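Going down the list, the sequences are from chains D and R.
Going by my numbering, the first sequence opens with residue 949, and the numbers climb by one from there.
Going by my numbering, the second sequence opens with residue 2, and the numbers climb by one from there.
The set of hints was computed from the structure by calculation and includes no laboratory data.
Bear in mind the structure is a predicted one, so any value in this text is a computation, not a measurement.
Cβ coordinates follow ideal geometry from the N, Cα and C atoms, glycine included.
Residues from chain D that face chain R, not an exhaustive set, calculated with beta carbons under 10 Å:
| # | residue |
| --- | --- |
| 1 | T1078 |
| 2 | S1079 |
| 3 | F1085 |
| 4 | L1086 |
| 5 | F1090 |
| 6 | S1107 |
| 7 | L1110 |
| 8 | G1114 |
| 9 | V1116 |
| 10 | S1124 |
| 11 | W1128 |
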Amino acid sequence: MKLNWFKYASPATFYPLAGKLIPWFALSAAGFTFAGLYLSFFVAPTDFQQGESYRIIFIHVPAAWMSMFIYIVMAGWAAAGLIFNTRLSSMMASALAPTGALFTFIALWTGAFWGKPTWGAWWVWDARLTSELILLFLYLGFLALHAAIDDTRRADRASALLALVGVVNVPIIYFSVKWWNTLHQGASVSMTMAPKMAATMLLGMLIMALACWMYSIAAALARVRCIILEREQQAEWLAKLTKEPA
Amino acid sequence: MMRTLGHIVTRDVLLAMRRRADVATTLFFFVIVASLFPLGVGPEPKLLRAMAPGILWVAALLASMLSLGRLFDADYADGSLEQLMLAPEPLAMVVIGKVMAHWLISGLPLVLIAPVIALQFDLPTGSLGTLFLALLLGTPLLSLIGAIGAALTVGVRGGGVLVSLLVLPLYVPVLVFGAGAVDASTTGMDASGHLSILGALLLLGMVLAPWATAAALRISLE
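The task is simple: from the sequences and hints, build the whole structure.
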């Protein structure tokens, strides 16, 4: 039997598949969130240096991971859309962007909440904070460019190119900001974690990261279904699908 | 190929020289923005000296960004951009020519006037040379990166504001190393490290940016 790798590259086959997958990812997101929150609030011990405030880590670090990872995945889909000219790839890229921007914002916001009790400042011009802020700007640029162009094909391709330019730039931006920060010797706070994390802390963080993963996949799939509905209005398969009693 | 490049550069510079007011606007924008800062933060010489590298660079960034609209929009409006794309020469070559012309019109005057503005900020005369060199290396890079944004927004409504959102985050490394070089020289450190990285970024930009700009133009005009 020959395996058809491209079967689900078509919106017509992907739309029902995504519909079937969403509940599973959403359910596991809820499950992981529940387990992760339980671990992080009731099981993980209080930090001897930072007290209870360190518990922000359980949302902050997963959100920061997701914000960077989603940008790379988004750029990957954008590249696939440019190279193979597949409609679904570009739709995936634009479905991922709002989720990525959301996580970037959460990472910044929780970072501010964490910074106030531990360093005594809402914001320091640390290399990580600054590059995360610029990442948010890159997401916003992607979204704004996509929204400004009416022709969806052109919007997809233009924002895909922008995402790729961004991916080349992210490491350069990160290192330049890092160097800029060490030169200016601004904040004398070290962002490195407390010497050694307790195993339960690490476990709670990893489970919360899994929850964020599952949520991102579910949200992206739900959004891509909406995008498919919007763009394929004229398609015959969609008319057939919506007429059928579910 | 070199002849095409020369033709495009002379054409764009000639077109700009026929409308000198446009060129002057960019330059005066730079001067005005730089002069507004002392009014905002106060005339304290020590503070101004510390802020001068950053102010001059941010003003240069904004001035370079403001003039990006002139890069492709006029040619797009009168149809000559499409003719250029139909030419047998590689599109990246055309882009290099247009970027060079953009730098000659909006970047070079800025590089030349910046040391004079720096005197207003009481920048030590020893670091004026570094400022000049850093701007000389950095402003072409601004034109190169900006060209990508300008090409992506050709003919898009609200393109002017949009291009700032796309391009300014990408300008960050230039700002960091450009202002860093001047900063280092005012504090008596060696600025050659910053200048070397700026040069390396310029070389990288010269290789990659025209290619990306050409791809963006093809997307915008297909």
